[in-house]
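Engineer: Assemble the whole structure, with the sequences as input and the hints as a guide.
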Amino acid sequence: MKPAAFTYVRADSAEEALAALASNGDDAKLLAGGQSLIPMMNLRLAQPEVLVDIGRARDLEGIVRDGGLRIGATTRQAALLASADTLAHAPLIAHAMRYVSHPAIRSRGTVGGTLAHADPAAELPAVMVALDATMTVRGPAGTRKVPASDFFVTHLTTAMEEGEMLSEVHVPPPVAGDVRDVFLEVARRHGDYALVAVATRLVLDPSGNVAHARIVVSGVGDVPVRATEAEQRLVGERLDDEVIAVEAGRLAAAPLSPPADVHASSRYRQDVTAVLVRRALVAAGKEQS
Amino acid sequence: MSSAAYDAGPEPVRITVNVNGETRTATVEPRLLLSDFLRHELALTGTHVGCEHGVCGACSIRIDGEIARSCTTFAVQADGCEVRTVEALAQDGHLHPIQEAFRANHGLQCGFCTPGFLMTTEALLAENPDPTDEEIREYLSGNICRCTGYVGIVAAVKDAAKRLQGGTA
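Line order of the protein sequences matches chains A and B.
First residue of the first sequence? That's 1 in this note's numbering, and the numbers climb one at a time after it.
First residue of the second sequence? That's 1 in this note's numbering, and the numbers climb one at a time after it.
Don't read these hints as lab results, they were simulated from the structure.
Since the model is a prediction, treat every value here as computed from it, not as a measurement.
Using N, Cα and C, we set each Cβ at its ideal position, and we do this for glycine too.
Take these hints with a grain of salt, some might be off.
Here are the simulated distance ranges between beta carbons [what the hints assert, rightly or not]:
hint: 1; chain 1: B; residue 1: T25; chain 2: A; residue 2: M1; range: 25 to 33 Å
hint: 2; chain 1: B; residue 1: E82; chain 2: A; residue 2: V235; range: 37 to 45 Å
hint: 3; chain 1: A; residue 1: E287; chain 2: B; residue 2: E127; range: 26 to 34 Å
hint: 4; chain 1: A; residue 1: R58; chain 2: B; residue 2: R24; range: 45 to 53 Å
hint: 5; chain 1: A; residue 1: H263; chain 2: B; residue 2: P129; range: 18 to 26 Å
hint: 6; chain 1: B; residue 1: A126; chain 2: A; residue 2: K286; range: 30 to 38 Å
hint: 7; chain 1: B; residue 1: T23; chain 2: A; residue 2: E162; range: 49 to 57 Å
hint: 8; chain 1: A; residue 1: T143; chain 2: B; residue 2: R14; range: 45 to 53 Å
hint: 9; chain 1: B; residue 1: Q109; chain 2: A; residue 2: T143; range: 36 to 44 Å
hint: 10; chain 1: B; residue 1: P12; chain 2: A; residue 2: S23; range: 31 to 39 Å
hint: 11; chain 1: B; residue 1: T25; chain 2: A; residue 2: G177; range: 54 to 62 Å
hint: 12; chain 1: B; residue 1: T23; chain 2: A; residue 2: H190; range: 36 to 44 Å
hint: 13; chain 1: A; residue 1: D271; chain 2: B; residue 2: G65; range: 38 to 46 Å
Structural biologist: Put into structure tokens, the structure is as follows:
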């Protein structure tokens, strides 16, 4: 199908985009890479009257090191995958990016686009929660910072209000220690949305005990789900004990009531969660320090 | 949208796109997909349209060298860009080495998905001139073929890599 007619506004900076959003109210939507929005428009699931194209807003694009990483909203997913800074400063992102769709989508699709789209089966939202990232949201009332864990409100819905836009995501440096990042996913086809994906960041202290644990699961709820009980169970433990990994997997899966669809039942997604968490922890334990 | 606004229609946009080395200027409706711009406005019907929502990969083209879906890109987004389509592959009546490799290795049957596979293969081999089977399968995972079962396609890409390296060595 073809998209419904709309008025096209090109914004070459964040300022221009905010002005265009302000003058068009809720009739307007931002267009970045368009890799989620245009399919929805082709299927007429979305019919915005005005599209504000921020695909060329240079001030919204780029990756800057500042101890952690500051990633501009219109940074292409392919650029994030290719950046040496990603692997050096936030390996979890680099591991996860390989699962984010296909090269032809990543070349156009943006980091901010997938975060603002907030599909609960997408990879980057879970990764940003696991990394304790902070979203920079700009709007008519100024700029505010929103922790990733508060940013995702429900299916396809974020904490952003009308007239606001995501301008940047900040990934803080990891807490001190031996960082073990693992991302695992089960999907029907490589590059498809996850049936279940698990993003884990573990930081070990000098004696090899877990000092910090984040386990976040995609595809099992309305938002990325943090497995806090499993995280708490791991702190102080060593990762070379598979019994702990099995138990953490069980703790991560038990509270879930995942969605069911033609691809997988709710129970299947729950079981896969337990398996992926276990595998992620075993993999983290084996990583060379 | 009020009927008056609908009747007036949204403002068309003037774009200039370099397509296969030729500068093309047109005035387009904002909602015109790049795939339809290529096929209907420029009569470049080698780019095929399958699912029209970014799943099947038949409409894959290159924008500024990068592989992209023309059905999930508006023509207005390609303003000022270089677009390369399957029509650019064969030169002077001679198939491109990638096309030769697909023909020699049964990399196609009905041919509907082939333009997308050819362009994706060209982008892959530009990035990675000697990919493994696994790298080929991963890179091509966004292109669907309902005829071949992919074995011939993977063989064709490996053969194409050899042909291209042989040609430039």
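Engineer: Is it true that Q109 of chain B and T143 of chain A lie within 36 to 44 Å of each other by Cβ?
Structural biologist: With Cβ atoms ~55 Å apart, the hint is violated.
Engineer: Taking the beta carbons of T23 of chain B and E162 of chain A, is their distance inside 49 to 57 Å?
Structural biologist: Cβ of T23 of chain B to Cβ of E162 of chain A: about 40 Å, so the range 49 to 57 Å is violated.
Engineer: Between D271 of chain A and G65 of chain B, does the beta-carbon spacing fit 38 to 46 Å?
Structural biologist: holds, 43 Å
Engineer: With 31 to 39 Å as the target window, see if P12 of chain B and S23 of chain A comply at their CB atoms.
Structural biologist: The hinted range 31 to 39 Å is violated for P12 of chain B and S23 of chain A, with Cβ atoms some 20 Å apart.
Engineer: Take the C-beta atom of T23 of chain B and the C-beta atom of H190 of chain A, compute their distance, and say whether it sits inside 36 to 44 Å.
Structural biologist: holds, 38 Å
Engineer: Is 18 to 26 Å right for how far apart the beta carbons of H263 of chain A and P129 of chain B are?
Structural biologist: Violated - the Cβ-Cβ distance for H263 of chain A and P129 of chain B, about 36 Å, lies outside 18 to 26 Å.
Engineer: Given a hint of 26 to 34 Å, does the C-beta separation of E287 of chain A and E127 of chain B actually sit inside it?
Structural biologist: holds, 27 Å
Engineer: Taking the Cβ atom of T25 of chain B and the Cβ atom of M1 of chain A, is their distance within the range 25 to 33 Å?
Structural biologist: holds, 28 Å
Engineer: Between the beta carbons of T143 of chain A and R14 of chain B, is the distance compatible with 45 to 53 Å?
Structural biologist: For R14 of chain B against T143 of chain A, whose Cβ atoms are near 35 Å apart, the range 45 to 53 Å is violated.
Engineer: Would you say the C-beta atoms of T25 of chain B and G177 of chain A sit inside 54 to 62 Å of each other?
Structural biologist: holds, 58 Å
Engineer: Is 30 to 38 Å a correct range for the gap between the Cβ atoms of A126 of chain B and K286 of chain A?
Structural biologist: holds, 35 Å
Engineer: In this structure, is the beta-carbon distance linking E82 of chain B and V235 of chain A contained in 37 to 45 Å?
Structural biologist: For E82 of chain B and V235 of chain A the Cβ distance comes to about 53 Å; the hint is violated.
Figure legend: structure checked against the earlier numbered hints; hints not met, in rising order: 2, 4, 5, 7, 8, 9, 10.
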